[in-house]
Amino acid sequence: MHSGHAAGGGRPPALAHHFDDLEQQKEASTLGMWIFLVTEVMFFGGMFTGYAVYRALYHEAFMAASDHLDLKLGGINTVVLILSSFTMAMAVHAAQTSKRKAIINWLVLTIILGSVFLGIKYVEYGDKFHHHLVPGPHFEFAGAHAQHAQLFFSFYFAMTGFHALHMVIGIGLLLWIIALAARGRFSAEYYNPVENMGLYWHFVDIIWIFLFPLLYLVGHHK
Amino acid sequence: MSNPALESPKPSPEGLPKVHYLNVDYGIRSWLFTTDHKRIALLYLASITLFFVLGGLFAVLIRLELLTPQGDLLSSESYNKVFTAHGVIMVFFFLIPSIPAVLGNFLVPLMIGAKDLAFPRINLLSWYIYTVGGILTLGALLAGGVDTGWTFYAPYSTVYSNSHVMLVAVGVFINGFSSILTGFNFLVTIHKMRAPGMTWFRMPLFIWSHYATSIIMILGTPVVAIAIALVGIERLFHIGIFDPNIGGDPILFQHLFWFYSHPAVYIMILPSMGVISEVICAGARKKVFGYSFVAFSSMAIALIGFLVWGHHMFVSGQSMYAGMVFSVLSFLVAIPSAVKVFNWTATLYKGSVAYTAPMIFAMGFIGLFTIGGLTGMFLATLGVDVHLHDTYFIVAHFHYIMVGGAIMGYLAGIHFWWPKISGRLYPEGWARFAALIIFAGFNLTFFPQFILGYLGMPRRYHFYPEEFQVLNVMSTAGASILAVGYAIPLVYLIWSVRYGPAAGPNPWKAKGLEWQTTSPPPTFNFDKTPLVTEDAYEYYSAAPAESAAGLTPEKQVG
Amino acid sequence: MSGLELIALLQNQSPTIPGPGLPIFPAQASNFAREVDWLYYYLTAVTAFFSVLIFSTVFYFAVKYRRRSADDLPLPIHGSLVLEIFWSVVPLVIVMSFFVWGARIYYRMLVMPADATPITVVAKQWMWKVQHPGGQREINELHVPVGRKFRLKMTSEDVIHSFYVPAFRLKKDVLPGRETELWFQPTQVGEYRLFCAEYCGTKHAGMGGRVVVMEPADYEAWLSGAPQGETLEQAGARLYRQFNCNTCHDPGSSARGPELAGKFGKPVKLASGQTVTMDDAYLHESILQPNAKVVAGYEPVMPTYQGLVSEEQVLQLIAYVKSLTREERAQVQK
Amino acid sequence: MTDHQHHVVPVKVYIAILIALLVGTAATVWAARVDLGAMNIAVALAIAIAKATLVVLFFMHLKYSEKLTWVFAAAGVFWLAVLIGITFSDYITRF
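Chains as they are written, first to last, in our numbering: chain A, 1 to 222; chain B, 1001 to 1558; chain C, 2001 to 2334; chain D, 3001 to 3095.
Simulated from the structure, these hints should not be mistaken for laboratory data. Yeah, the Cβ is synthetic: ideal placement off N, Cα and C, and Gly gets one too. Among the clues, some could well be false.
Stated by the list, open to error - Result set (DSS-like, lysine-lysine): computed pairs, CA atoms no more than 30 Å apart in a straight line:
1) A:K128 <-> C:K2293
2) A:K26 <-> D:K3012
3) A:K26 <-> B:K1509
4) C:K2322 <-> C:K2269
5) D:K3063 <-> A:K101
6) B:K1010 <-> C:K2064
7) C:K2064 <-> B:K1509
8) D:K3067 <-> A:K26
9) C:K2064 <-> C:K2153
10) D:K3063 <-> D:K3012
Stated by the list, open to error - The following label-pair restraints were derived from C-beta to C-beta distances:
11) B:L1057 <-> D:V3071: 43 to 49 Å
12) D:L3045 <-> B:D1072: 55 to 61 Å
13) B:W1200 <-> D:I3049: 50 to 56 Å
14) D:L3045 <-> B:V1132: 37 to 43 Å
15) D:V3071 <-> C:R2148: 57 to 63 Å
Using the sequences plus the hints, can you model the full thing?
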């Protein structure tokens, strides 16, 4: 519960009409972002549930199919994404310490790393198309488990696809935040959008932290 | 009238306030770009009413078709599209948003003494998302309809149906986000925007029930969204996640679908329960019996409600042991519902009961919800559900909850707060008459369906053996009475907007912050942030109802 | 008249499908029907009791404590812990009695008795295809003698259907790609309705038929007169040769695949190191997805028969493989 | 309860977390190449959970957030466990 401050003195320009003070506004916006992330957890959770069920049912097939993913590219992408999470955290740090130029620099770096991730993903997808590993009528899978391997690739595309979609949205939001930052909107007083952007970006990173071992690493031990 | 119990609220001699949220600005833009939660509530009210009428017309078609056993009015294809349209519209576009998006949107900030919801622009966005989802769904209906049933079971929906599954799936998927945004806005608002002195245990029960509802909305909706998205992906790209031909399991879809869609039933009924708590207390002028039990039972329903989804799958081929776990959990969720009914009944004891229209709707709710809840026990009972599953017994049961419960509660709430929303009184006599007609029509429509179900008539049947006809004729007769019952309020409420007498700030002499501001309220709800000094429903207190308002926040220690 | 007599009167005892009128209960025609009905009466009694209790209490309070003057202000009552506990625990005890009784019936419905005669049921949009162990086929009808136990082994060729006989109080979803089972023992001679209870597309409402329960003697007569096809095993044997299964699986063949005779119901060691039992499910999977569980010592060379054989044919092949084991045993005993 | 001064995490901490995450990535790749049988998935998930926890606590500042944020973060994890756990109660008892 907030305490009702007397509205003495001018209201800060960043304070919306229906809040009493910046503190209440920041608390509300941070809580809102976390609640939003909880819904995202459940959104991906539906796919993780499906993956877990089929992995338990068709263990061997999932191992065999996982061998067809490129561990090197997946590993590089993991590193790229972790680095981008770091640069994002540094952008928030710059905002907290009112270093306006640094905010923009760190955000631009984050966008570059995010784009590298998507570029590598694009190469991987192209490779799967090339080798007929996209589920559907043109799916071809040498060796045993052709059908259940198709399920694996269904999950591969659904999960990494939704993850990549989140990345694309994230990059769009980053551009918008950079535009705001360029207008000098953020300071130690008010940086909710940068902070919430960071929460979103880190969440997308966490999803990948789980996708990487579940998709790329199930089959490589011999 | 001489009987005080039947007295109607007196018109306010002062008339409407000069400036309020409705007349502060005019023109279509002032509505389409508003961030005022009260105006957004009215946008929702208009769209939801439209969908209710549409869904109702489909219901009329269903009942007319089932008047005779032969299936002579529509073709089987059309009939399947009609019941799917009825289900999709009523569940996703009427019942789920009904009370939260209209009454909740209007009242949550008012009841906790806030100027608006925490995220007014996201609130408006949620209405636009709802509208886009609705337009896509209507587009699918116009383009030829969809015939999967509102449950979209794979593999029928993914492979075999030749109707516009994709368009409806996208519509429902998008609409889900409007629900998520509403729930998320309520949660943050209730946590962070309460007025000084509004502690958790001073909150009206309407707020508690909306808090519980919001939890379901944010945790459940994403799962059904992804389930429906996967159906869409499977249809579009042949990426078969539920396809039995490559080892996929159609039952997995049912798990994901019911993980949301069972708790969704509580999204429909919990807000209604919140309304009933408010109306009963005001109608009996008495503090609710066992406040904390009613409050916690809402939370218990929301939490346990997430653990019971498998009772929709007792004959689906799910494992027997899972069936038993789901059955016992389903029985547990009945207890908090029973607690609520007993507490409402006990609230009337030694009260001062007025027979206002909202009270008649509320008492109707208690009766119908009791029957709906108890017949739910039949379906949680494993051995009996094997027989009753997917018959008209289920249809009757969930209509008792969703129509007898949720819509009775919705109408009770609309009447109770209509003076606050519009600033005017509706004709009380007509409203009482409508409440009785709806109660009678409802029972005649749906009670025969319990018997039909035990006789074994399966649901979603376009034509049926002739031994079921007598009961079906009764049901259709009831439906026509029900349709008239629903049309009456539509007419007099619209009439009252122009011709109703001014209501004054508190026509029911009720407690609660929303009655302490003008009717209709100003744009930012209160002239001064209210200070709360007492529990909810303190009707019997030394201070008269009005004087608790208007204390300036400076007197509060920060 | 006692309540039970009234129930018996309302109970539709007519041995055939009822005509128009106002029936309240369906016929009781299986071993489960009577107990399900008793549990239903119990549930109905509890429902009636509480509904009447709540209705009449609300009505009584509403009249007795009606508003007497416009300024009535009743004394507040905050609640009572004792009452709250009372009306939480009593319903809890009652619903747990529902649970236990319901779960007992459910358990008996789902655990298949060993001595039941298997009947194959294949569902497709929008018909039921039935094949008896003796080879008799029926469409949308099922003839069974009174008193014997039957076990339906059901599968679907397309979408999910649900096999539902109200007079038996039994229902089970029929799934594509999987076998589900249902068992019953008819107790009363007559004709009863068969419905599809899971929505399955355009002609869902037409996907019904009848179950005819006959005196054993009539049943024998029907059996001999019914359109008789091959038995499941005969059809399976024909398919076994038609698809050249024998070239790999017969003893003494080039032995690219494991021998099948005498193996049914016994453990099989897999290439992955696991051990599974060769049962219906394993054979079903091995025909459609041969390389999912390869027997130890063999290469995964068998092609899939997905799309080449219908669900019905798979069941016929399984029946044939089973018969190889029976013959083997018979020879050993000789 | 919580201090309302916004906590500024020192850059040192961020760098330490970055290094820990990179080490974790290397560890999970290495562990996957060793055949541990059924334990492979357990090890992979344990490392992933450890990495995710670091990100949530430090990059996302949960460690310095008010209790309410902890409650919602925990609710997300709990409900995911309910979804997966109860769905599995069907699959593991089915055959």
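Here is what the structure says about each hint:
1. A:K128 <-> C:K2293: Roughly 26 Å between the alpha carbons, so the hint for K128 (chain A) and K2293 (chain C) holds.
2. A:K26 <-> D:K3012: holds, 26 Å
3. A:K26 <-> B:K1509: It is violated: about 38 Å lies between the C-alpha atoms, which goes past 30 Å.
4. C:K2322 <-> C:K2269: Judged against 30 Å, a Cα distance of about 18 Å means the pair holds.
5. D:K3063 <-> A:K101: Roughly 27 Å separates the two Cα atoms, so the pair holds.
6. B:K1010 <-> C:K2064: Since the Cα atoms of K1010 (chain B) and K2064 (chain C) sit roughly 24 Å apart, the hinted pair holds (cutoff 30 Å).
7. C:K2064 <-> B:K1509: Satisfied, since the Cα-Cα distance of roughly 21 Å is no more than 30 Å.
8. D:K3067 <-> A:K26: Status holds; Cα separation ~15 Å.
9. C:K2064 <-> C:K2153: Given pair K2064 (chain C), K2153 (chain C) is violated - Cα atoms ~61 Å apart, limit 30 Å.
10. D:K3063 <-> D:K3012: The hint holds at about 16 Å.
11. B:L1057 <-> D:V3071: 43 to 49 Å: holds, 45 Å
12. D:L3045 <-> B:D1072: 55 to 61 Å: Because 59 Å falls inside the window, the suggested range holds.
13. B:W1200 <-> D:I3049: 50 to 56 Å: Taking Cβ atoms as reference, W1200 (chain B) and I3049 (chain D) lie about 33 Å apart, which means the hint is violated.
14. D:L3045 <-> B:V1132: 37 to 43 Å: holds, 38 Å
15. D:V3071 <-> C:R2148: 57 to 63 Å: Holds, since V3071 (chain D) and R2148 (chain C) (Cβ atoms, about 60 Å apart) stay within the stated range.
Going down the numbered hints, you'll see the structure goes against 3, 9, 13, while the others check out.
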